[in-house]
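A.B. asks: Sequence:
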Amino acid sequence: LKILTLVLCSFISAAQNKPNILIIHVDDLGYYDLSVHGSKIYQTPNIDKLATESVSFTKAYANYPRCVPSRLSMMTGNYPIQNGNVPDDGYKISDVGKNKNFVKKLYDLGYQTAYFGKWHLGDHPVGNAGWDEEIKRVPDAKTTDRGVDFLDRHATDDKPFALFLMYLDPHDIYHYKPGESDVRIDDVQLPESWRKQNFDTVPKVHREFMEHNQGEFIIDADEETWKGYRDFYRQKVKLYDDHLGRVIAKLKATGQWDNTIVVNTSDHGDMDTFH
34 LKILTLVLCS FISAAQNKPN ILIIHVDDLG YYDLSVHGSK IYQTPNIDKL ATESVSFTKA
94 YANYPRCVPS RLSMMTGNYP IQNGNVPDDG YKISDVGKNK NFVKKLYDLG YQTAYFGKWH
154 LGDHPVGNAG WDEEIKRVPD AKTTDRGVDF LDRHATDDKP FALFLMYLDP HDIYHYKPGE
214 SDVRIDDVQL PESWRKQNFD TVPKVHREFM EHNQGEFIID ADEETWKGYR DFYRQKVKLY
274 DDHLGRVIAK LKATGQWDNT IVVNTSDHGD MDTFH
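Start counting the sequence shown at 34; every next residue gets the next number (the numbering used here).
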């Protein structure tokens, strides 16, 4: 994400006719959760189609395995780990200088900027500068509605746009309730590591994450419960794929597809029953 930010800024600064930018960012979507990357249980037709029309980065890595530091990297171009200090999940974009605000750079270059969806980076005015339109902390359906509306309203503008659509799903895997959530597990298989991982051979943080964070309600559950987890996550991935499909269809319908840089990325993945 750091490299993405720097490359975009360099390309846009040099471009005579600046392209539009559409950044579609998702929370907790892993590389192997896409059928285009070989998944057998995840069906992501809209993401797959976008991938076939795009450059697909198959050796890209999140700059941090938690939400806030990873998002900070994309919005600033900074690595979250600096001077030997490792940030916690509360690391804020307001900790960086104004000159490192990626969106402010686009704004200063003449872009119409808009941000809809999950923010997660604090309320400091420096970190929040540079938006012409913003509706933060809204559900995914409203994020898509606002994005589609924005594309309609700016379809014939001479001024380029930079539109950020930030989705929550499949992060809503946290709402999985064993025995209560509606799941289908007949075609779900668990990875080999689910049975064979020896936690004595890996850093203790692996076990701690299961005991004190996302896995605490499922760590010692039976196989059917874990399969339910994986299907519930699959459902959330499908919801995101549907949203992306609507946005891309609108981009093409309004004639903006050929002059828009489209970036589909994630802050990090989910454990997805792997250890």
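Keep in mind the hints are simulated off the structure, nothing from the lab. Heads up, a few of these hints could be off.
In the DMTMM-like style, the derived pairs of lysine to aspartate or glutamate whose C-alpha atoms are separated by at most 25 Å in a straight line are [claimed, not checked]: (1) K192 x D205; (2) K283 x E86; (3) K51 x E257; (4) K210 x D190; (5) K237 x D255; (6) K51 x D156.
A.B. asks: If a hint holds in the structure, say so; if it doesn't, say that too.
C.D. replies: Outcome of the hint check:
A C-alpha spacing of about 36 Å is found between K192 and D205, which places the hinted pair above 25 Å, so the restraint is violated. Taken as a hint, the K283 and E86 pair is honoured in the structure, with Cα atoms around 16 Å apart against an allowance of 25 Å. Proximity of K51 to E257 is assessed by CA-CA distance (about 52 Å); at most 25 Å being required, the pair is judged violated. About 47 Å separates the Cα atoms of K210 and D190, which puts this hinted pair outside 25 Å; it is violated.
For the suggested pair K237 and D255, the alpha carbons sit about 23 Å apart, so the restraint of at most 25 Å is met. For the suggested pair K51 and D156, the alpha carbons sit about 30 Å apart, so the restraint of at most 25 Å is broken.
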